[in-house]
Amino acid sequence: MFGQGDGVPALPAEGIEAATVRVDGYDLFPVRGISAYPATRRARDIQARIAAIASDPSISVEELKAVSGADREQIFAGETMILAVVDADAELAGIERRLLAEVYLGRIREAIETYRRDRSPQVLLINSGYVLAATIILALVAVGLRAAFRRLEIAIAHRYGWRIDGLKVKSVELLDAEQIWTAVRGALKLAHALLLLSAVYWYLNFALSLLPWTRKLSYGLLHMVLDPVRAIGTGLLTYTDNVIFLVILFFIVRYVLRLLRGFFSAVRKGKVTFASFEPEWAWPTYRIIRLLVIVFAIVVAYPYIPGSDSEAFKGISIFLGVLFSLGSSSVISNIIAGYTMTYRRAFKVGDRVKIGETVGDVAEMRLLVTHLRSLKNEEVVIPNSTILNNEVVNYSSLAREDGLILHTTVGIGYEIPWRQVEAMLLLAAERTGGLLKDPQPFVLQKSLGDFAVNYELNAYCTTPRRTMSLYNALHQNIQDVFNEYGVQIMTPAYERDTEQPKVVPKDQWYAPPAQPPAPEKQGS
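The letter at position 261 of the sequence shown is residue 407 when you use my numbering, and the numbering goes up by one with no holes.
Note that these hints are calculated values from the structure, not bench results.
Since the structure is predicted, the reported quantities are computational estimates derived from the model, not experimental observations.
Mixed in with the good hints, there may be bad ones.
Here are the simulated BS3-like pairs of lysine-lysine, each with C-alpha atoms no more than 27 Å apart in a straight line [said to hold, decoys possible]:
#1 Lys522 / Lys500
#2 Lys500 / Lys592
#3 Lys362 / Lys335
Could you build all of it, start to finish, from the sequences and the hints given here?
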């Protein structure tokens, strides 16, 4: 037997495992075990006995003693046996059994003294003060690091900012100034995070080691951080060739995408031009090519991904494929519709359009939906597939070159000469600011009604987004002109002839509460 307390036979060392006895996080010594009484269980039992003795202040460390036997050395605390040192333990340590027992006895005494001292009120109070001081120092370090990196970023921007801007101006860059600054800020943030994490690690390691109940955590803290990294590294080493290929493929794809981004950015800005290729097509085209490049890279990389040939990996791939096929039909239709509209040049951001019953300005064109700002300043979100299946009226596309025709209709009685009516309508158009003089406005007689002739005034403008205010001003001027010349407007309905035409005399145009416009000041 290892002893009455150990409870296993004193067998030879062949095939025997070892475990370490630890008390309060301190390693004391290794012990051996066998299959019937494993080393981990033996070490755990010895730890429990030492902790029980250390927790009993009535047992003095002077009562600990080593007693020699025929095939073992036994260590007692009074009448309680702590452990038995057998030949297998001596063989593991490489020294004589009696000498090994004395070494173990000394370590157990020291562990018990340390156990009791660390739990004394005086030491706990002092160590708590150390923890508080360390916490304050950590807070100061965190604040200091944040301030230091802020100043460093400002200093770099002040000293090197103009050089980066100058680099941006000289060529069609693969990285513009904003991207370079993003990389610099990212590097600074990474350095800041690493230093802060290092400070937190040393703080936790120090603070946890001061208290006996957490000391074990402090000793295992480094292993908690390094063990996952070590496991990942071991797994990567198993697939070294594949990992190297994936890393090389990643950097190649990343560089190709960066080249494509720089090229299409230059096309969008007009620095690179192609016949029959519009600048607004550059970004959608880049997204399509980027998607194709990424898909191609995934197809190439798939066989080299560690674990890709496992059944679990294949099952996940099938599951994701089913989810994608079931849930992406409407998404794909909207994406296709969005790209179709882009290359059809149906409209672009800023255009005044009518889609279905909605009239507004195109605020944003996204992959799945288009955002319109209505005439009442409402945001209307329309799926691209809906737009593709509806009639789209673009008020801005031709207005940039030939102008958009604004038109309005009035009904005038047959007793009024049509030439006078046309002249008055043209005069109203002339008075309306924002309407073009060239091409000239024109009047059409749309129909000969039962009681009136319907005249349509047409005038050009190049600002479709002002149509509401232009219509308002045009209608105001039409009323003013017809009132000036005493001609009655018959619309919207005609009832009967009156003795006096229904017009507003000029002296009543600004009847209360209306206010006449302020007179223009004469220049000196």
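Now the hints, each set against the structure:
At roughly 14 Å between alpha-carbon atoms, Lys522 and Lys500 fall within 27 Å of each other, so this suggested pair holds. A C-alpha spacing of about 24 Å is found between Lys500 and Lys592, which places the hinted pair at or below 27 Å, so the restraint holds. The suggested pairing of Lys362 with Lys335 is violated, with an alpha-carbon distance near 32 Å, which exceeds 27 Å.
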